[in-house]
Every structure is written in structure tokens, then in C-alpha cells.
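Chains as they are written, first to last, in the numbering used here: chain L, 1 to 337; chain F, 338 to 642; chain W, 643 to 990.
Honestly, the hints are just simulated from the structure, not real lab data. Computed from a predicted model, the values in this text were never measured in an experiment. The beta-carbon is built from N, C-alpha and C at its ideal position, and this holds for glycine as well. Mixed in with the good hints, there may be bad ones.
Said to hold, decoys possible - With a straight-line Cα cutoff of 35 Å, these simulated DSBU-like cross-link-like pairs (lysine-lysine) come out:
no., chain 1, residue 1, chain 2, residue 2
1, L, Lys-83, F, Lys-557
2, L, Lys-323, W, Lys-667
3, L, Lys-23, L, Lys-332
Stated by the list, open to error - For the chain W half of the interface with chain F, some residues (derived, Cβ under 10 Å), not all of them:
no., residue
4, Ile-812
5, Leu-819
6, Ile-966
7, Ile-970
Listed below, chain by chain, are the residues.
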Amino acid sequence: MSEYLVDIKNERLSFFTPAGEVKALNDVSIHMREGEVLGIVGESGSGKSVTAYSLMGLTAHPGKLIDGSLYFNGHQIETMSDKEMRKIRGNEVSIIFQDPMTSLNPVYTIGNQIMEAVFLHTDKNRAQAKERARELLELVGINEPEKRLRQYPHELSGGMRQRVMIAIALACEPKLLIADEPTTALDVTIQAQILELMMELKDKLGMAIIMITHDLGVVASMCERIAVMYAGKIVEYGTADDIFYSPKHEYTKGLIRSIPKLDTKEHERLVPIEGTPVDMLNPPAGCPFAPRCDSCMKICLREMPPVTHFGRVHYTQCWLNQKEEMEAKQEKGAANE
Amino acid sequence: MLKYVAKRVILGIVTIWAVATLTFFLMNMVPGGPFLSEKAISPQATAALEAKYGLDKPLMQRYVTYMTDALHGDFGDSLKQRGRTVMSIIKMKFPVSARVGGISVLVALCLGVPLGCMAALKRGKFLDSLISVVSTCGIAVPSFVVCTLLMYVLGVNLKLLPTMGLRSWQHYIMPVIALSFYPTAYIMRLMRSSMLDVLGQDYMRTAKAKGVSGFWILFKHAMRNAILPVVTYVGPMLAYTVTGSFVVEKIFVIPGLGGEFIGAIGGRDYTLIMGTTIFLATLIIIMNVIVDIIYKIVDPRIKLK
Amino acid sequence: MKQNPLSFQLNLSPEDFLPATEEEKQSQVIMRESVSFWKDGMRRLVKNKVAMVSLIVIILVMIFSFIVPMFYPYSYKEQFKGANHLAPMEYSEAEQERIAAGEKVFPHIFGTDKMGRDYAIRVMMGSRISLVVGLIATAIILVIGSVYGSIAAFFGGKVDLIMMRIVDIIYTIPDILLIVLLSFALKAPLNALKNEPGFGWVGIVGQNLISIFIVFALLYWVGMSRMVRSQILTLKESEFVTAARAMGVSNGKIIRRHLLTNCIGILIVTTTLQIPSSIFTESFLSFLGMGVAVPLPSLGSLASDALNGFNTYPYLLFVPAGLISLIILSFNLLGDGLRDAFDPKLKH
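Please work from the sequences and hints to get the whole structure.
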């Protein structure tokens with residue numbers, strides 16, 4: 001048993017593609033308490049979604065868990081059969097996907113798809129399930145729910161469909177909601193509405209949320225804890241304040257520099273992170289970010305950096321932090337002498 | 338919906354008219370005629386016969402006469418089979434072909450769809466390879482080879498099944514196997530590839546994330562989306578199959594419409610060619626309209642224009 | 643603050659913490675070489691064992707039907723007296739006498755047919771004809787179908803409507819009817835043509851075979867044109883075409899540069915799959931007696947000739963029928979392999 005709702009320990013996961021083994025997750029550990037909101041930030045291919053999917057037992061073929069343990073709400077995920085997993089999916093943990101346009105089955109009505117989730121995990125009869133579906137649509141702020149229940153996905157706008165996806169996800173009041181870039185495919189104005197809705201629902205229903213995104217703005221407004229991922233590793237982890245006000249890892253600093261701010265002076269430019277993400281088929285021996293890092297050192301190219309802790313929560317994996325820490329220690333030692 | 342069907346019917350009539358016109362003129366432009374091959378007949382007799390069936394009149398006039406009669410449902414008499422109308426020949430031969438063809442299409446669907454699904458689900462496994470090999474071989478063997486092999490092994494060597502005619506249910510076995518061979522293999526391939534396509538869709542992931550079991554994912558979420566290409570294929574295929582396959586009818590000596598049609602072409606039985614062509618065209622058009630309607634029922638996104 | 647124990651295991655020297663040079667950084671970046679669409683596809687194709695085996699089979703069949711006959715001691719129309727219906731590897735009496743006299747006689751590997759012709763060379767010539775029919779017919783279909791389909795799709799509206807209506811009509815006419823009528827209609831003009839200087843080949847190939855090509859040109863492109871049309875309709879909506887149009891690129895250039903190049907992968911696949919279907923159709927026509935002219939054989943006509951004496955000489959059917967099936971099978975499997983390798987939609 002664990003004190004946490006989610007406790008992922010040293011997860012390693014690889015995709016065995018014809019071109020070779022892609023190490024998608026490399027020693028990833030995450031823990032969350034009930035009702036907590038965790039943001040996972042990173043560029044495409046950094047392993048954000050893979051982490052979340054593996055927690056639901058939805059790792060796509062040809063992915064395989066190599067090592068580590070996944071614990072969720074009293075279940076040891078990696079040891080469970082598919083049948084046992086099905087009882088949890090959509091019930092204790094649900095997920096909202098990135099593209100609401102393609103995530104709903106085009107040939108069934110909205111009502112049918114929401115009620116399916118209700119039927120699967122409760123023993124409600126038809127009328128009750130329908131009532132529940134109506135209730136859910138109201139909950140996610142869809143007007144005229146009676147009419148919507150009879151409509152097909154293609155008759156709704158993108159924002160509406162994402163609301164329907166949320167309604168499906170919330171059908172059984174899950175303990176954990178995974179939102180996989182829920183706003184990426186939506187218009188900016190709709191994005192804000194959906195995020196607001198999610199926060200509102202979290203307050204109402206008290207579930208924990210994992211928010212996967214590459215948009216730092218989204219996590220800043222929503223998340224208590226943030227994990228920054230790069231090339232299948234968590235390079236920095238901390239509270240929202242840690243990450244935004246005292247970022248330690250060069251990658252995180254780069255990410256924050258690249259956000260447009262309202263108070264930038266006229267001629268100040270946004271600073272992009274140069275270079276491209278690593279090739280996961282041939283990962284470098286040392287820190288994966290080293291080739292793109294401005295402060296790269298010789299050791300960075302040779303060895304994986306160890307974990308450096310800053311306080312109870314905040315930690316990074318960066319040689320620079322190690323170096324600073326060692327220097328601080330030496331100074332301290334020198335002062336003691 | 339009704340408006341759409343009406344529109345399609347009108348369009349269909351135009352198509353049938355175009356097909357009939359094209360066939361009529363092409364057929365008549367080709368040198369030779371229905372009574373030329375019969376050497377026993379004297380020129381006078383030929384002329385008399387041609388006069389009887391109106392073949393001596395100018396082409397345009399014959400065309401107008403034929404079309405007017407056809408509009409009234411009169412497709413004329415067969416030129417070669419004395420004393421029988423085209424309609425009566427079709428009425429007699431079509432049910433025979435339709436029975437064999439209909440059973441074959443059913444068999445093809447009942448085997449092809451589930452096997453194709455299974456191959457897609459077990460992608461890359463032994464069963465998939467086996468089904469793929471069988472189906473690819475299935476579309477590679479010409480039907481006359483299938484017929485002859487069946488005949489040789491089951492009919493002649495083992496004497497398990499009767500080889501000629503359609504008198505009992507045993508008579509149906511070999512023609513049905515021969516006729517359903519290709520479509521079964523084709524449907525298997527079609528089903529496999531469209532199923533694979535659907536299995537990769539985002540909504541399948543949603544269904545899985547909801548906790549839907551494998552069985553229901555397949556039958557509720559995947560099947561309805563994956564079946565569409567099969568519907569498209571089966572529509573016209575059904576029209577062709579029920580009107581009879583010449584090869585199968587020739588080898589198994591089945592008195593069906595397919596053999597009749599080839600015979601008519603060879604003998605220049607103008608009226609019978611026209612009648613059968615129009616009949617086949619009508620069937621194909623009806624099947625296409627039905628396919629479109631089924632499409633609309635299965636996939637609500639499709640707008641019938 | 644506690645130190646990670648890992649760092650103690652490493653022997654860290656102060657030098658390690660010196661800034662790395664740009665070259666050192668770059669040497670670490672093992673970029674996957676950027677692979678073009680074609681290279682990537684080829685790599686996948688080469689890895690596909692089934693497709694490779696099919697390709698080898700196709701090449702072997704081609705050698706068998708185009709090169710081997712050149713060195714073969716018999717001709718496909720040469721009739722040997724008293725050598726009718728020899729079993730495979732059997733010699734006629736005349737030949738046995740020659741062998742007895744110390745002469746070397748090339749064996750009839752597949753025996754002889756009822757006219758006393760060596761069957762092996764007839765099968766070779768037959769597969770040559772079938773392949774030629776398959777390839778030429780497919781080339782005709784490819785050109786007409788893709789041009790027609792892309793024009794219909796590109797201009798859309800009324801043009802598309804009328805062009806597709808024509809396709810519907812052609813699709814609805816029974817093909818057998820047209821083939822028979824055409825072969826009758828073309829008999830006279832082609833016979834006249836073969837007496838013209840330079841057109842002697844018409845007589846050898848036979849007017850039936852030429853009719854078949856014309857029928858393919860007239861009929862069988864409809865499937866191809868429908869496919870190209872639907873492909874281009876989707877591509878037409880894509881942003882890069884809008885961009886090209888916004889830059890003022892001409893219609894012809896958009897079709898050639900942007901639309902056709904983007905569906906070239908699927909065109910190759912469809913073409914490869916069309917070849918077996920053309921061979922299939924030819925063999926069916928030969929079965930109906932509407933294929934190549936005697937004495938030229940095709941696999942279909944060989945098989946249908948063999949049907950008559952099938953109970954006594956089954957090998958006469960098995961050889962050509964097996965070869966047709968093998969050729970069609972290999973082209974189909976190669977086509978599947980090409981699709982897996984080049985169809986971007988199927989990448990998972």
C-alpha cells in the first residue's frame with residue numbers, strides 16, 4: 001500500500017520498432033496525492049503521453065514495460081490482467097484525448113457513447129443511464145442536453161465535442177482524470193473555457209488531474225506540481241512556484257525564456273531553444289539535452305547526470321546543479337577549516 | 338431521403354438509356370447479323386426473316402421502335418429462339434442464376450467478414466499470415482481453374498458430388514464453392530485492411546479507455562465503421578453474381594442467364610442482348626442505390642445529395 | 643542536502659566540469675540520417691521478406707519467359723510427328739531412335755500437347771504473352787485512368803459530374819459484350835491493316851489480342867480513374883495546394899507537381915495490383931476463345947485447351963494454371979508489400 005494515489009517508481013518503457021528499440025521512458029518516477037493537479041510538460045516525443053497511457057494499461061503496440069512499478073489507487077497496474085484493467089479504466093481513472101474531432105466514434109450518437117460508459121461500470125438501467133448522461137452534459141455546460149444526446153459527433157463543434165469527451169470521462173466520477181493535451185486542437189477562446197471547466201469540475205468532484213501539455217501557460221494556471229520531461233526522463237520536478245520562479249535545469253530555463261510575456265520590453269526578443277530533440281533510437285551517452293545546452297560541460301556528454309534535490313519537492317537531473325552543489329560544499333568545508 | 342432516392346432513380350434511368358443506346362448502335366455497327374451464320378438458309382429466307390423482325394428498316398427507325406417498345410415493357414422476341422420473348426427467357430433463366438449466385442454471395446460474406454476481422458485482430462500472428470496467404474491465393478486462381486479442380490477431385494475422382502445440373506442440394510455445392518471462391522478471398526482482404534485502419538483510429542482508444550471489453554470494441558465500435566468498404570464491394574458484385582457466371586454455368590452445365598447471354602452475343606441475338614444488358618444495368622443501378630442507402634444508415638456523417 | 647551516492651562512484655575531476663566545445667557537442671548528436679520518402683519506403687520494402695520473394699519469383703518468371711526461349715532447342719509452333727501427348731520427359735519413337743543412334747535429344751520437360759508441340763516452350767511463350775498483356779494493358783489503364791481521374795477531380799463541378807457519369811455508364815455495360823462486339827468490329831480493319839507494310843506483326847499477335855488492348859483502353863481504366871479522382875479530391879483540399887494556387891501556379895503545374903507526385907505512391911501500388919488483374923482477364927478471355935490467335939499461346943488459352951483432355955492429361959492444365967496463379971500471386975504480394983512500404987496512411 002502507498003500513501004499516494006499514483007505512485008510510479010523507476011518506470012522504463014521501450015517501443016520495439018523494426019528500426020530498433022526506442023527507449024521512450026527512462027527511469028520515470030511520479031507520485032500524486034488524491035485531488036492533486038500534476039502538470040507534465042515537454043516537447044512532442046518526450047514521453048509525456050506514454051507515461052500517462054501506461055498508467056491506464058493502454059501502452060500501444062509495440063511498447064513494453066521493461067522495469068519499474070506502477071501503483072494506482074490500491075492497484076498494482078503492471079501485474080493486472082486486461083480484464084481487471086477494464087474495471088478500472090473509465091471508472092477509477094479516465095482520460096481525455098487531444099483531438100476531440102477523432103476521439104468520438106462517428107457512427108454513434110453522443111447519448112449512446114456517454115451511456116456506454118455508464119452501463120460499463122454501474123448497474124443502472126436504460127432510463128437511469130439516460131438521466132445520468134443528461135446530467136453529465138449539463139455538468140460540462142452543454143445546453144439543450146436532451147437534443148444533444150440524440151446528435152452525432154459530426155454535428156457538434158470542436159469545443160462541444162471536447163466537453164462531451166469530458167462528460168464521458170466523468171461518467172463514473174473517477175479518482176484520477178488524465179488530460180492529454182486537451183486544448184491543443186481547440187481555438188484559443190475555447191481553450192480557456194475548457195480549462196476553466198476542468199478546474200471547476202475538479203473543485204466540484206475532487207478528483208486528481210494529470211495535465212499533459214506542451215503549453216507552459218496551461219500548467220501555470222492550473223497545476224500544483226509540475227514535471228518537466230525531456231527525452232523520456234523527468235529533468236526537473238517541483239511546485240509551480242519552483243518551476244516558474246526558480247527553475248534550475250537549463251531546459252526548463254529555456255522553456256520559460258521562450259514564453260511570450262506581457263511585460264517584455266519592445267526590442268527584447270523571445271529566446272527559442274536551439275537545435276532539435278534527440279533521436280530516441282540513438283540516444284546520446286550522457287545527458288540527452290547536452291547537445292542543445294548552452295552551459296554544456298565535458299561530463300554532460302559522457303555521463304547521465306544524477307538527481308540533485310532542492311528542498312523537499314524540487315529536484316533536477318543536471319550536472320550543472322551537481323557542480324554548484326559540490327562547490328557550495330567545498331566552500332562550506334573551506335569555511336569550516 | 339425520398340428526394341434523394343427519386344433523384345437517383347431518374348439518374349439511373351438516364352444511365353440505363355445511355356447504356357441501351359450505346360449497346361444498340363455498337364451491336365448494329367458490327368459487321369454480320371443474326372441470320373448470316375446459318376448457312377443453310379437461302380438469301381431469300383434470310384431477307385424474309387430480317388423483314389419479319391424489322392431488321393431491314395433503317396437503323397434510326399429500328400432504334401426508335403425498340404426504345405418505344407422497351408418503354409412499354411416489351412423487349413421483343415428472341416431472334417434465335419423461335420417463339421420465345423426476351424422477357425420469358427430472362428424470367429426462366431434468371432432465377433436459376435440468382436439462386437446459385439445469391440447463395441454464393443452469402444457464403445462469401447459469412448466466411449470473408451469474420452475471417453478478415455480475425456486476421457486484423459491477430460495482426461502479425463500466425464493466424465493472420467495463414468488467412469492472408471489463403472486469401473491472396475484465393476484471388477490469384479482463375480475461376481475456371483477452380484471449377485476444373487473441383488470437378489476433377491470431387492466429381493470425377495472421388496465421385497462425391499454430382500457434376501451437372503441443379504437437381505438437388507448436392508448439385509449446388511461445387512458451383513457455389515467455385516463462385517464464392519474469389520469474392521470470399523476479396524472480402525477477407527478488404528475486411529482485414531479496413532479493420533486495421535479502424536483499429537488505429539482515435540475513437541478505438543477512447544473505447545478502450547472507457548473500459549469496453551474486446552468483444553464489444555470489435556462488434557460495436559469497429560465493425561460498423563469497418564464494414565463500409567465491404568458494402569461498397571458487395572453491391573455491384575451481387576448484381577454481377579446473381580446474373581450468372583458464364584464459366585461456372587458452362588462447366589457445371591447450369592441453365593442460367595450467364596450462359597444465355599454469351600450465347601446471345603455469339604449468335605447476334607440482338608433483342609436478347611439488349612434485354613439482358615438492360616436487365617443487368619438496372620440491377621447494378623438498383624444495387625448501387627441500395628448501397629448508398631445502407632451507407633447512410635451505417636454512417637450518419639454521409640449526406641445524400 | 644545529501645549527495646547522490648552515484649556521483650561518488652564516478653571519478654570526477656575538475657576538468658570534467660569545463661565547458662564542452664561546440665565540436666564535442668556536435669559529435670554527440672547522432673542524428674538519424676534524414677531519409678526521403680523513397681529511401682524510407684525502399685528500406686521497408688527490402689525488409690519485407692514476402693515482397694522480396696515475390697519480386698524474385700517475378701524476375702525468374704520473366705527470365706523463364708523472355709530469355710530462356712532464345713536458347714531453347716524447340717519452337718512453340720514446331721510440331722513433331724508421332725509425338726502427340728507425350729508425358730513429361732518422355733521421348734517419341736523417332737527421338738528414341740535418334741538417341742539410340744548416339745544423338746543427344748533435348749527432353750520434353752513438360753511433354754507435348756495434342757498437336758505434338760513441345761509443351762515447355764509453349765508454356766514459356768504463353769507466360770511471355772500473358773506478361774506482355776498484363777504490362778501493356780496496365781500501362782494503358784494507368785495513363786488513361788490517372789489522366790481522366792485527375793482532370794475530373796481537379797476541375798470538379800459540372801466537368802466532374804459529367805465525366806463521372808460517363809464512368810458510371812461504362813461501368814454498367816457488361817464488359818464481355820463490349821469485348822465480343824469489338825473483336826468482331828475490329829476484325830475487318832485489322833485484317834486490312836496486317837497487309838499494310840510495317841504492320842505484319844498485327845497478324846502474328848492476332849486481332850483478338852489487339853482488341854483486348856483496345857478493350858482495356860476503353861473499359862478498365864474506370865476503376866483507376868475513380869481511385870485517382872478520390873485521392874486528388876482529398877489532396878486538393880490540402881493546404882499546400884491552396885498555397886501553390888495563392889502563389890499563382892498554373893493548373894497544369896499543380897496537377898503535375900503537387901497532385902500527381904503526392905499520389906504516386908498509391909498509383910504504383912494500384913498499378914502493381916492491376917497487372918495480375920489484367921493477366922486474369924486475359925486468361926478468362928482466352929478461356930472464352932477470345933484471346934490470342936493460334937498458334938500463339940497464352941497461359942489462359944493453354945489452360946482452356948487442356949480442359950478438354952483434362953481427365954487423361956491433367957498435367958497439361960496444371961502447368962499453365964499453376965503458372966498463372968504463381969504470377970498473379972507474386973504480383974499481388976509484391977503490390978501488398980509496396981503498399982505497406984509506400985502508403986503513408988498505413989504507417990502506424
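Structure-based check of each hint:
no.: 1; hint: Lys-83(L) to Lys-557(F); verdict: 18 Å, holds
no.: 2; hint: Lys-323(L) to Lys-667(W); verdict: 19 Å, holds
no.: 3; hint: Lys-23(L) to Lys-332(L); verdict: 40 Å, violated
no.: 4; hint: Ile-812; verdict: 9 Å, holds
no.: 5; hint: Leu-819; verdict: 6 Å, holds
no.: 6; hint: Ile-966; verdict: 6 Å, holds
no.: 7; hint: Ile-970; verdict: 4 Å, holds
Consistency with the previously given hints fails for number 3 only.
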